[in-house]
Structure formats: structure tokens, C-alpha cells
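Listed below, chain by chain, are the residues.
8 protein chains.
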Amino acid sequence: VYAKREGEALSAVSVILGSDSDREVFNSLSAVLNELDISFEQRIISAHRTPDILKNYIEDAEKRDVSVFIAIAGMAAALPGAIASITTRPVIGVPVALKSKIMGLDSLLSMVQMPPGIPVATVGLDAGRNAALLAAEILALSNETLEKKLKAYRDTQRNKVMEKDAAFKEE
Amino acid sequence: VYAKREGEALSAVSVILGSDSDREVFNSLSAVLNELDISFEQRIISAHRTPDILKNYIEDAEKRDVSVFIAIAGMAAALPGAIASITTRPVIGVPVALKSKIMGLDSLLSMVQMPPGIPVATVGLDAGRNAALLAAEILALSNETLEKKLKAYRDTQRNKVMEKDAAFKEE
Amino acid sequence: VYAKREGEALSAVSVILGSDSDREVFNSLSAVLNELDISFEQRIISAHRTPDILKNYIEDAEKRDVSVFIAIAGMAAALPGAIASITTRPVIGVPVALKSKIMGLDSLLSMVQMPPGIPVATVGLDAGRNAALLAAEILALSNETLEKKLKAYRDTQRNKVMEKDAAFKEE
Amino acid sequence: VYAKREGEALSAVSVILGSDSDREVFNSLSAVLNELDISFEQRIISAHRTPDILKNYIEDAEKRDVSVFIAIAGMAAALPGAIASITTRPVIGVPVALKSKIMGLDSLLSMVQMPPGIPVATVGLDAGRNAALLAAEILALSNETLEKKLKAYRDTQRNKVMEKDAAFKEE
Amino acid sequence: VYAKREGEALSAVSVILGSDSDREVFNSLSAVLNELDISFEQRIISAHRTPDILKNYIEDAEKRDVSVFIAIAGMAAALPGAIASITTRPVIGVPVALKSKIMGLDSLLSMVQMPPGIPVATVGLDAGRNAALLAAEILALSNETLEKKLKAYRDTQRNKVMEKDAAFKEE
Amino acid sequence: VYAKREGEALSAVSVILGSDSDREVFNSLSAVLNELDISFEQRIISAHRTPDILKNYIEDAEKRDVSVFIAIAGMAAALPGAIASITTRPVIGVPVALKSKIMGLDSLLSMVQMPPGIPVATVGLDAGRNAALLAAEILALSNETLEKKLKAYRDTQRNKVMEKDAAFKEE
Amino acid sequence: VYAKREGEALSAVSVILGSDSDREVFNSLSAVLNELDISFEQRIISAHRTPDILKNYIEDAEKRDVSVFIAIAGMAAALPGAIASITTRPVIGVPVALKSKIMGLDSLLSMVQMPPGIPVATVGLDAGRNAALLAAEILALSNETLEKKLKAYRDTQRNKVMEKDAAFKEE
Amino acid sequence: VYAKREGEALSAVSVILGSDSDREVFNSLSAVLNELDISFEQRIISAHRTPDILKNYIEDAEKRDVSVFIAIAGMAAALPGAIASITTRPVIGVPVALKSKIMGLDSLLSMVQMPPGIPVATVGLDAGRNAALLAAEILALSNETLEKKLKAYRDTQRNKVMEKDAAFKEE
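Residue numbers (this note's numbering), protein chains in the order written: chain B, 1 to 171; chain P, 172 to 342; chain V, 343 to 513; chain C, 514 to 684; chain S, 685 to 855; chain R, 856 to 1026; chain X, 1027 to 1197; chain G, 1198 to 1368.
Derived by calculation from the structure, the hints in this document are not laboratory data.
Honestly, I wouldn't trust all of these hints.
As a list, the in silico BS3-like pairs of lysine-lysine whose alpha-carbon atoms are at most 25 Å apart [what the hints assert, rightly or not]: (1) R:K1024 with P:K226; (2) P:K322 with C:K673; (3) X:K1195 with B:K164; (4) R:K1015 with B:K55; (5) P:K234 with V:K493; (6) R:K1003 with B:K55; (7) G:K1252 with S:K739; (8) R:K918 with B:K151; (9) X:K1081 with G:K1348; (10) S:K783 with X:K1195; (11) R:K1004 with P:K270; (12) S:K844 with V:K397; (13) G:K1296 with C:K677; (14) P:K331 with C:K661; (15) R:K1015 with B:K148; (16) X:K1089 with R:K910; (17) R:K910 with G:K1252; (18) G:K1296 with R:K954; (19) X:K1190 with B:K164; (20) P:K270 with R:K1006; (21) B:K55 with R:K1006; (22) P:K270 with R:K1003; (23) S:K832 with V:K441; (24) S:K844 with V:K441; (25) X:K1089 with S:K783; (26) S:K747 with C:K568; (27) X:K1081 with S:K747; (28) B:K63 with R:K1006; (29) B:K55 with R:K910; (30) B:K99 with V:K506; (31) C:K673 with C:K661; (32) V:K441 with P:K319; (33) X:K1186 with S:K739; (34) S:K832 with C:K673; (35) X:K1186 with X:K1174; (36) X:K1190 with S:K739.
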């Protein structure tokens, strides 16, 4: 568990889906968190349909020392901004393009173009994996074990490219 | 005053700006509301910076029988959606393109692409005047005086075009 | 029936399709109107192919106290604007992206960017459900039963999210 | 006068502005019509504010053997389509980008993406000059004098480019 | 045959495809031309691969009194502009979105944004049918039989909408 | 100084400009860092013109325990991605729209659409202030003083909105 | 082999894929290089995952007198720019739209909008074939045999269009 | 003079403007060519207004061993493609965004999205300087003096960045 401080079972990361239709992006995200042994909790909370639950949950999670929030949302994706308006912990937004009628431009602009004062760290369209890695990079600032795992992850990526290259250049 | 029911001094419409930089759009909007003698109240409330004030204000306004909410906002314009998540009264959204770095595409898509269940009635970019008229059309459903004023307003518009046409065709 | 005033069998809402290819969006819309027991009439009228029928129909419907018009249209979607030019009742536009060659940008901009004086309340791409709910919100201003149904509808939505969340967080 | 048939003073072309704010584009257009001695009439008629005048005017103009209609309009530019729905004479649309909040994308798509059956011949953004030339090309099909003028116009254009080239290549 | 002047077997219209991959759009176009008994010739000529053939063909067709040219092309669709640079007869451009990697925005802008002096009458994405009707409208200016057929075509369209409406409103 | 670990004078944040034309965005960013007493170092390093300097600098900065990197860049903004390929520390990207010929869409997409494995935390166009706050939120995870300052900063923002609202609602 | 100078077995062209998911574009590219008997080497090297390998490889390839580099990449396609920052040999970029969530706009803008001083010769979306031909045109400047082959290739293209035209016009 | 072969006074590069309104982009381009002592000739030739002059000129220039063609054009920028259809020498296209009504998207897509077989090497919007450098890189493949100048140019760029960095980091 990569929780910031000692204590009972903690989640380092909270992953919140705006809708269960965002599950596919979540799967690529949770796979990376699991691979890096990062503890996380997962919720489906709608900024528009259950705003009070969102507020209570985020405030509680902040008290329980959840370090990073990741919001996965499509369309007019107010979720990451709504989270960021409640907490001063880092909030990562994953705009969802899957099933989007307009290539995810709606969720991308709804996340990245936040007003001054309330930042959202936006990653690419459907980029669950990068959201998980960004959260890991943030947590690794105070966790050397995780930093090592991240570097190992990079090495694995690097090796995969090298292997493919080795095969490809001899084709 | 075009309030839905009898009572003390009521606002039929609530106009909420996400920021005082949206003032220019507000001016074109309030001019039409005044011209049609529609009572309204005006606020600057940020969905991200003062979300609790927003919640209290909308709930209170709903109880005071404010009929229509108009939100003017730019960038990742979460304001109309946030209002719509609190009340079941009609919410009109005016996306702001003035000073936008991306032609208002961010605020337009953030408003119009609402998730199922939480509608926002979106009008054109910086279209304060049309937002006021749409609110008036809604109020006029239960107010015949206002309906007549709206029809007179249309006639005035029509006459202006006809006058310009009369001059233009003889140039 | 949620008609504004007493009388014989009235439609509260008129739903107009620009083409029968917009049927899929209509289905999601009519399902919500039926669920809320809102009386409506349904037509296929083309702004370009049967403009005189449109004019006669809208004027007649306005006399029959139809309160809200909903237009579903794709491509250069002139339909909602054409309706709005005939009546001062609220007109809701649903831009159709299904089968659009350009992601519905054509119908979205053709609806939302109305000239000053002739507002169209635009909802999201293919957002039949939200158009129905927006119409219901307008009608509910003078109908407490409908207002209660709308709040119940919201509660149902809220409960669905909560149920999914309850299952998801324990996965 | 390049009217299709003999008779009293006829207009070969009708130029209709959706608003007097489209005057600047009109000026570039009328200059070319005048240069080619093409008779035309000019009107300001709004598809949304004076639709009945539009209908009467187009039907009358068609009877008076106006051959080509040119519509100049911005925003959700329904004007050329509205004209095309009334007449089977060719309709040329000029989308206006000047003062547009969204680069004229709204008027361009509102004109060019017409539904099957109702064509609009769309030219470039603010392209008054090309609209005039396209009208002239259509009229020239039954008017050899105009055809010669068009070819002379092309020669003049060609010569201007050649003169600039001659100077430029020696700089 | 709707040729402008009497003579041997003439084509009123020339339809040119930039590539045989544009065949699907051509089919919708030729169906309308055939339905209206408009004589036409059909070619596949590339502005980039067979420019000299294009030049010879257009000059010859102009001499043979072909009245209207229709170009169907995708990608950087230089074809209609290349034709328009050779002839002063009206040139209609059909931008192809089918198989386009960028929704036909490339061909649309390559056609509609012609430089001053060389107009192209652009119709909608893949709008073969409207291109045929626009050509027919131009030819009908000097052919009353065709004008009647066009009006009959409109009536048929109108009737189809009315039939669908009649069925739909009783569902 | 908000450095992660004890030691000599440390920079918590490194701010890198791709060009000195990005200065205006930097100014809004450095103002916030200064206001929050966050130590930072500032560089102009081009991913394309001085790539070796970039590599050396980032590796050195990582060793010196710089916690967060912020890259400000326009056009094909490779800078944040290049930094992220060298370090596993969090990298924040600020796409520059000022002077952009295409509204900053080039730099926004060049930053946010990173390949899997190399995340960049992208903020809004020219959003120097939000980049600084995001960096502060990350640093505050292990620095309670900074966390308090951030909450105070939020309160100040909130108060400013409330003051403006108080004046505005009485106008 | 179309290598610039005499020597042992040389590659005239180096083709580098950012990922093996770009294979489909590569296939259309290599087919043309093979057809023109242009020697080339092929690699999979990631600008972000294996940047050091990229640097070593490009510097080595430049010494081995590889004349032209072709980079095929999607998303935030930093690869061609990264190559161009290492060598002064011409670099051709092929933006990949296949599987892109945003129609390849990300890779197109990431390649074509290079900062001043570091040019990338960008071809169309997924345009492997044109990238190969552009490389061939560059190599042909110092190789008359290749120039002849290129002209023959053009003739073949021309003939194919003519054959299709011959069949089509008689349909 | 960096001409490919020995002979009388040769131009290595031909720079062609589609219109004299593209002069500003030309100036940044010619400055670089002059700085690198690359001989060039400059013309204003319109693909649409003087197509025959274009054909004669390009064929003649190819015979005179002009190595690289650079076309600067705006709007539906057919010029580089038209050149590429005449010669098999490399053609560089510079899309012009200055004064464009649509941010140069028209000229960018008109250039980069060439059909298979006719490549255009497209550089950035208004990127005259990069076009010149790309031409220089191509010429340098057979000219070692130019290759050295290019490397020196890069060093100068690098030094400028370093100087600015040196000043900036001490501010």
C-alpha cells in the first residue's frame, strides 16, 4: 500500500467513474494500479445525479488521506472539476472518447479548460493507463519503493519496444 | 413582475454569472429582461469556487418560486449543469466566446453535451439576448400579458428588418 | 395530460421530426414523455419540403395551446429555427449526429447559433431524453403533479447510480 | 440587362441579405454584378423575422423571371435554404465569417449541408465576388455577351497576376 | 435531352470523378439525372494524374456546349477548381466524405474556399443527389419542360413527407 | 522552500519554457509559485534545438530532488513529453495559445495525447496559474504548511467571488 | 540501391515506426520503396520510450549516409520532430489516423506545426505511399535511374486512370 | 550557388506564390535562402488564373535543373499539388494562415491531404522559414558546403536558445 502516512488500511488513490459506461477505460487504469501495488478505492458517482454523495465522499476521502483523485468521465465531463472544487488534493481527469458522438472533444475541453484556481491534470482521450501512471508518479515523490517500480515499468516498456524493433528490423 | 404565483416581490428569473468577466453578455441579457418587465435577480456565483453558495442559493430560489435560471459562463462551463443538478426548474445556458482562447467551443460543448437526465437549454455563443427571450417564452406560457409583449417584440424586430429593407432596396 | 389550461383533449407538447430517419432519437424522447404521462402529438414535417404545412400546423398548434415544441433534425437543421420564427412558445432543438457525416456539428451549429430574437433551446447531440425532460421542466412550472414526477425521476436516476456504485465499490 | 427573356425592366439576379450587418460582403458582390452589367435587385429579408415577406417576395420574383437568387447570411444561416424551399431556381449561398464567433463554421455548415432535394450552391466564406461570378456563369449559359464579358474578366485577372509576377520575379 | 441549343446528340451535363472510389456518390447523382431525363457524359479524370486530359476534355466539352460540369472528389479535392480554371461554365463540386479520414473536411474546404475569381458551387458531403438537382435547376432556366419536371420532383418529395407524416402521427 | 527532503537550497519545481516567446504564460505561473513561497528554478530549453541540454538538465534536476516539472510550450509542443521520457517525476504541460495560428489546438493535442506509458498532466490553454496550483497540490501531499496555504488561497478566491457577488446583486 | 555515394551495402532511406501498431501504414510505404528498388532499413523506435536508442541510431545512420528519414507515428507524434532535432537530413512525417480517437488531428498537428528551425516534411494522414514517393523524389535529384522510374510510376498511375475512364465513360 | 550540376547560372530552388498577398510568408522564406546562399527564383503564378503559365514554367524549370519547388498559397491551396502533378521533383507546400478566415485549415488540408501518387511536403502554417530549411536539407544531400552551413545554422539556433536560457535562469 502506497499511502502517504502510516495508519490502518488506506487507499492512496480514489478512482471515480461518472457512469458505469466508462468501465472500459477504468479497466486499463486499474490494471496499472494493481500492477504497481497501489491501493485504491473505486466509485461510481455522478457530478450531476449524486452531487451530495460526491461532496461527502471527497471530503471524507481527503480526511482519510487519499492522496490523488482520478475522475473518468465523458460528455460535458464536470466530474473532475467538481472534485477539484472540493479538495486541494491533485485531481486527474480522463476524458472518455469511447461512444462519444464528437470524438471526446466535449469531455476533453470540459476537463482541460478549467477556470483559474481549480486545476485538473488532464491526460489523453480514454488514457486510463496514463492516468494511473501519473498518479503513481505523484505518489512516488514520497515513496522510494514505488519510484523504483515506476522505473522498472519504464524499463519493461523500453524492452518491449526493443524486442519488437529487434524482430522488425530483421523482417 | 412576471412571477408564476401571487405573493410579495418575486423574481421570475435568476441570472447567474460564473465570473464578472461575463458582464458584457449579461448586459445584453438584462436589457431584454428589463424591456419585457421581467423581474430578475442577478448573482455572481462560481460552480468551482463557491459551490456551497450555489447549492444554498438555488435551493432557496426554487423555494421562492424563481421559475427559470440562466447561467452565463465560459471555459469548462460547469455552472448551468451544476444548477440543473440541484433544481428541476428549467436552466438556460449561455456559452461565452468573448476572450475564449478556442472560440467558445469549450463552453458550448460543456453546456450542450449534458449527460442524460440533466438537461440544459443551451443558446448561442454570447447570446444573452436570446437567453432572455427564451426565459420570457417559458414564463409567457402562464402569463398572457408577457405573451403579448413577446409578440410585440417580434413585431418590432420584424418592422426593423422591413425598414432596413425598404431603405436598402432603393439604394 | 399536462396541458396549460382546461379544455378538450390537449397535447402539451408537439414533437416534430424533420425526417423519418430521425426516428431513433424520437424513440428515446417519446419514452420519457410517456413515462411522465405528458400528452404529446408527433409529426414528420420538413422545413424545406413542406414549409407551408409547417406554418399551418404550428399556428394551429399554438391556438390549441400546445405549450412546447420539440424539433429533431439533422444536417442543416433549419426545423427548430423555422418553428421558432412562427411561434413565441418555447422551441427545443435536438441536433442529430446519428448517420451524420460530420459528427452532428452541422445540426448543432444550425440550431444553437440562432440570430438574435429567435431563440432555440438546444440540447445535446441525439439527446432525445434530455429534450423530453426539458419540456417537462417547462410544463412543471404550472403543474405540481408533474413537478413531483420530475423529482421522482431524479430520485430514480440517483438511486440507479447509487446501486451501481454500491456494487462497483465492492468489486 | 441579362434577363432570360425579353420584356420590361427585369432583374436577372436577386441578392438577399439576412441582416444589414452582411453589408460588407454585399459590397464586394454588387461591385462584380455592376462590372458585368448584370441587373439585380437587392433586399434585406430575414428567414426568421420576416418569413412571410420572404415567401411572397421569392414567389413574385420567380414569376418575374428572376433567374438566380443569392443569399448572404451568417450564424445559423437558414436563408438560402428557405429560399431554395420556395423556388426551383438556382440559389447561391454566401456564408458570412465576418464578426462570426466561430469562424463562419456555423453559416458554412448551415448552408452546404442541405437535406437531399433542396440544393444550395455554396461559395466560400464572405466570398461575395465568387457568388456574383457564379451567378454570371449561370446567366451566361443563355447569353453570349455575358459569356464574353466573363472570359474578358478572366483575362483581366490573368493579366493582373502576370503583371505582378513580372514585377516580382525581377525584384 | 436538355441541351442548351439544337444539334446532334448533346450532353447537357458532364460528370467527372476524381477517382473510381467516388463511384458510390456518382450513383446517387446519375440516378437523379436519369430520372429527370438529363443527358450527361461521365468521366474519371484526375486533376493530378491526368491534368492534360482534363484540360483537353473540358475545352472540348465547352465547345460541344456542355452546360454544367459536376466534379466529385475527395481529399485535397483540386478537381472542381481545376475545371473552373479552364471554363467559365458553372462548376458544381461534391466533396466526398465516404472513406475520408477526416470526415470530408479536407475535400469540403478544398472546394468551397476557392480564391476570388474562380467560383465552385459546392454542395454537401457526398451530396450527389443535390448536385444533380442543382445542375437541373441551372438547365431549367432555359428549358420549361425541365422546370416542370423539377417542380414535379419537389411535389413527389413533398408527398413522400406527407405520407410518412400521415402514418407517423397516427402511430 | 517546499522541497521533498532536507538538504541545501533546493528547488521544488522546475519551470521550463520552450521559447522565450512563452514568457507571458510564465509570468502568471511564477506569480502563483512566489505567492505560495514555492522554490523553483526557471529555464529556457528547447526540445528540438537543445535536446542534449534538456536531457542533462532533467537528469541532474531529478538527482537534485526537483519534485515537479512544468513545461510551457506552443506549436508541436514536444517539450513536456520529452521531459516525461527522461524522468518519472510528474510533468505538467501548459499548451500555449497566445500567438498560435490555430488557437493552441496544436500544442494542446501535442501534450495531452501522449502515448501510453509517458503521461503528461495537461492544464488549459495558457493556464500558467493552474499549472502552478497543480504543482502546489502535488507538493502539498507531503507538506502541511503548503496544504494550508493552498486552502487559504482557495478561501481568498472564494472571498473575491463573494465580494463581487455582493456588489453585483445590489446593482 | 539508390544510395548517395558508392560504398558497401547502404540504405538510402530509414523508415522508423513509433509503435508496431503503425504497421499497416508501413506496409503501403515499403511496397512503394520496394517497387522503386530503393534500399531502406526499418526500425521501431519510440521517441518517448527509447529516446537514447533513437539518438544513437540517427547519428549512426547519418554517418552511414542514410539520406532520408521517414517517421510513422500517431497521437502526440513527437518522433519525426525528435529525428529532425538530431539530423539535418530531410525528415518525412506520416501522421497516423488509423485507430486515432480524434481522426489523426493530434498526429497531424504534432508533426506539421514544428517550431522554426526544425522542419518536418509532412504528408497526408496514413499516407505511407506518398511518403515513399517523396523520399524517392528527393533521392532522384542525384540519381537519374530513379528519376526515370518515378516518371514511369507516374505514367502507370496515369494509365490506370485512363483505363478506368475508358471503361467508365462507356458504361 | 547550390545547383545540382555544373552549368550556367542556375536556380537551385523555385519559390512560387499563389498570390502577392502571400508576400509576408515569402519574406521569412527568402531571408533564410539568402542566408544560406541558395540561389532561387521567385514567381507569382496562380494555379487557377494562370494554369498554362504554371505548366510551362514548371516544365522549363525542371529542364533547367531546378531541384526543389516551394509553393506558398492560402485558401483552397491547389498550387503545390498542381506543381507536383507536373514534375517529379520535390514540392514543398507552405499553407498560409495569415488573413485566413478559418485559421489556415483550408490551405493546410488542401496541401497535406494529397491523393496517393502526388506527394507534397507540407510544413507548418505560414512556416516560410522551415520551408526554406527543408529545401536546404534536400539540396545538402549532394552539397557538403551547404550541409555544413545547415549545421552551423543549427548551432546558431542552439546558441541563441542557450543565451536566452543563461539570462533567464538568473532573472
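- Given hint K673 (chain C) paired with K832 (chain S) - CA-CA distance at most 25 Å: 44 Å, violated
- Assess, step by step, whether the Cα of K1081 (chain X) is no farther than 25 Å from the Cα of K747 (chain S), and give holds or violated. Between K1081 (chain X) and K747 (chain S) the Cα gap is close to 61 Å, so the pair fails against 25 Å, i.e. violated.
- Task: Starting from K1186 (chain X), check that the Cα of K739 (chain S) is at most 25 Å away, please.
- Result: The given pair, whose Cα atoms are some 18 Å apart, holds under the 25 Å limit.
- Task: Below or equal to 25 Å on CA atoms is what counts here, so check K1190 (chain X) against K164 (chain B).
- Result: Judged against 25 Å, a Cα distance of about 41 Å means the pair is violated.
- Item | Agreement of K331 (chain P) and K661 (chain C) with the hint, judged by alpha carbon distance not exceeding 25 Å | It is violated: about 41 Å lies between the C-alpha atoms, which goes past 25 Å.
- Query: Is K832 (chain S) close enough to K441 (chain V), meaning Cα to Cα at most 25 Å?
  - Reply: Cα-Cα ~32 Å, so violated.
- Item | 25 Å Cα cutoff - pair K441 (chain V), K319 (chain P) | 41 Å, violated
- Holds or violated: K1024 (chain R) to K226 (chain P), with C-alpha atoms at most 25 Å apart: 17 Å, holds
- Query: Straight-line Cα separation of K844 (chain S) and K441 (chain V) no greater than 25 Å?
  - Reply: Within the cut-off at roughly 21 Å; holds.
- Message: Between the alpha carbons of K1190 (chain X) and K739 (chain S), is the straight-line distance 25 Å or under?
- Response: 18 Å, holds
- Message: Check whether the Cα positions of K844 (chain S) and K397 (chain V) lie no farther apart than 25 Å.
- Response: Cα-Cα ~18 Å, so holds.
- Message: Please verify whether K55 (chain B) and K1006 (chain R) have alpha carbons no more than 25 Å apart.
- Response: 16 Å, holds
The structure shown violates the earlier hints numbered 2, 3, 11, 14, 15, 17, 19, 20, 22, 23, 25, 26, 27, 29, 32, 34.
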